[in-house]
Amino acid sequence: MLAARTRNVAAAEDALADAFAAALSAWPRGGVPEKPEAWLFAAARRKLIDAARRALTASAAEDALILTIEELEEMGRDDAPDRRLGLLFACAHPAIEPSVRTPLMLQTVLGFSAERIASAFLVEPAAMGQRLVRAKKKIKDAGIPFDVPKPTEWPERLAAVLDAIYAAYGVGWTDPLGADPERRGLAEEAIWLGRVLVSQTPREPEALGLLALMLHLDARRPARRVDGRFVPLEEQDTKLWRRDLIDDAERVLTAASAQGQAGRYQYEAAIQSAHALRAFHGEADWPAIQVLYGALAELTGSPVAKLNHVAALTRVDGKLEQGLAALDALATEHAVLLNYQPFWALKADLCARAGKSDEARAAFAEAIARETDPAVIAFLRNRSAALR
Amino acid sequence: MKYALLCYETPDDFATRDDARRQSAYRAAHSAYLDRLKHAHVAVASVVGGAGLVAPHAATTLRLRGGSRQVLDGPYSDTKEALGGIYLIDVDNLDAALGWAEQCPTAKTGAIEVRPVMPGSG
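Residue numbers (the numbering used here), protein chains in the order written: chain A, 184 to 571; chain B, 349 to 470.
Don't read these hints as lab results, they were simulated from the structure. Treat each hint with caution, since some may be false.
[As the list claims (entries may be wrong)] Here are the simulated SDA-like cross-link-like pairs (lysine to any residue), alpha carbons at most 25 Å apart as the crow flies:
| # | chain 1 | residue 1 | chain 2 | residue 2 |
| --- | --- | --- | --- | --- |
| 1 | A | Lys333 | B | Glu461 |
| 2 | A | Lys321 | A | Glu339 |
| 3 | B | Lys350 | B | Ile434 |
| 4 | A | Lys320 | B | Leu436 |
| 5 | A | Lys320 | B | Arg463 |
| 6 | A | Lys323 | B | Arg463 |
| 7 | A | Lys321 | B | Gly447 |
| 8 | A | Lys321 | B | Arg463 |
| 9 | A | Lys321 | B | Pro467 |
| 10 | B | Lys350 | B | His378 |
| 11 | A | Lys422 | A | Pro470 |
| 12 | B | Lys386 | B | Asp440 |
| 13 | A | Lys333 | B | Val390 |
| 14 | A | Lys333 | B | Lys456 |
| 15 | B | Lys350 | B | Ala388 |
| 16 | B | Lys456 | B | Asp426 |
Produce the complete structure using the sequences and hints provided.
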């Protein structure tokens with residue numbers, strides 16, 4: 184259950200009905216065609232412009248957003264994928280404060296609200312709103328250009344672009360039934376951006392890693408909800424997993440590792456690859472998952488990576504008390520985890536397996552209190568009720 | 349857009365100016381830089397245009413509070429690096445300004461703050 188969560192995103196989205204999604208899944212393997220189908224891009228562009236206009240109405244004083252809309256409206260006339268990428272790179276300009284680059288991209292390129300961005304990044308909405316205003320003011324006042332950077336500057340800006348694309352994927356994934364027009368299709372948007380990026384930088388290992396990661400995650404989408412019910416990763420019917428996306432992901436991940444430069448997204452993709460093995464061998468490669476989360480935690484220092492490392496470690500060695508102790512230590516070191524549903528869900532799971540029913544119930548309650556997706560809440564409630 | 353390139357020099361940079369062996373190279377580097385700015389037509393032609401500043405020991409900092417002056421010996425900031433000079437340029441955007449800042453001799457030893465000039469001034 185926890186390995187399927189990478190950023191507190193709930194599972195599953197129903198198969199989308201609109202042509203947009205269907206066209207994306209029919210794309211040839213190996214990347215984006217030279218020019219995307221005009222109608223496909225026009226549809227995406229319209230969605231972006233609508234989203235940007237909504238955001239503009241909400242915060243009329245932000246002139247920098249007007250510039251963005253003008254840029255957006257020019258897209259589709261010339262090389263559209265470059266222009267959207269150009270915007271992403273502008274938001275990742277070194278003159279912009281690092282922690283606000285990804286939120287800025289999500290707002291200006293994909294039209295996210297400040298509230299949505301704040302919850303994805305586990306920060307207070309008011310603080311996020313202020314930082315976004317400041318960043319847009321910086322772009323405007325300092326004259327930061329909206330150009331695709333020169334190749335010499337590309338590497339330093341790429342990391343921020345990758346984070347933004349992945350954040351978009353994560354947010355899109357939180358709306359399983361496609362009920363929210365702001366979130367529906369965002370996962371597809373993110374994968375599409377990932378493919379475009381790879382087509383522009385075919386030997387960039389982390390761009391390849393990110394695409395492989397998103398493809399692996401998306402391959403399991405059909406299995407995540409059954410009759411609206413949340414299905415944890417370990418219980419998913421692997422026959423529902425999309426083998427074509429898994430194959431695609433593996434091919435992309437292989438291309439990444441051929442570059443011989445490990446990185447955060449490649450580790451994450453490899454972890455998902457190890458999970459995908461359950462479709463072929465009946466069991467995920469848990470020792471590999473443990474090692475990979477360890478490497479990821481070492482590389483990034485991310486509390487979520489550390490949490491998942493504890494989960495994998497406990498899965499491999501079965502030492503529940505040590506796992507629980509590790510969780511407590513982790514929460515002391517990273518208080519932010521105490522607000523993170525999967526932390527409590529893992530604690531509940533370990534307590535349950537250790538026979539500590541009262542503590543498990545308490546932990547399930549904490550998890551439920553931090554979850555908004557009704558299907559996930561129902562799942563957690565059922566698990567709690569099943570405790571002896 | 350007009351930008352000020354505020355050149356923060358290290359104590360060694362300031363010392364170079366007075367060092368008989370190194371001063372002509374120092375002056376030549378800045379002089380050559382200014383020539384390049386003029387040649388590229390980005391140097392702002394204005395009353396000020398830019399200036400090299402005498403080393404920070406000659407600085408005096410003034411504040412006016414409640415109608416009375418506070419005058420203190422020394423530059424505004426007590427940091428190791430101090431403002432050594434200002435270039436004013438007129439270029440398309442921040443990246444162009446950064447491109448010119450990179451070529452300024454001070455970039456190698458000190459730091460250059462790149463700040464836009466208010467529209468309508470300078």
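* Hints violated by the structure (listed by number, smallest first) -> Of the numbered hints given earlier, the structure breaks none, since each of them holds.
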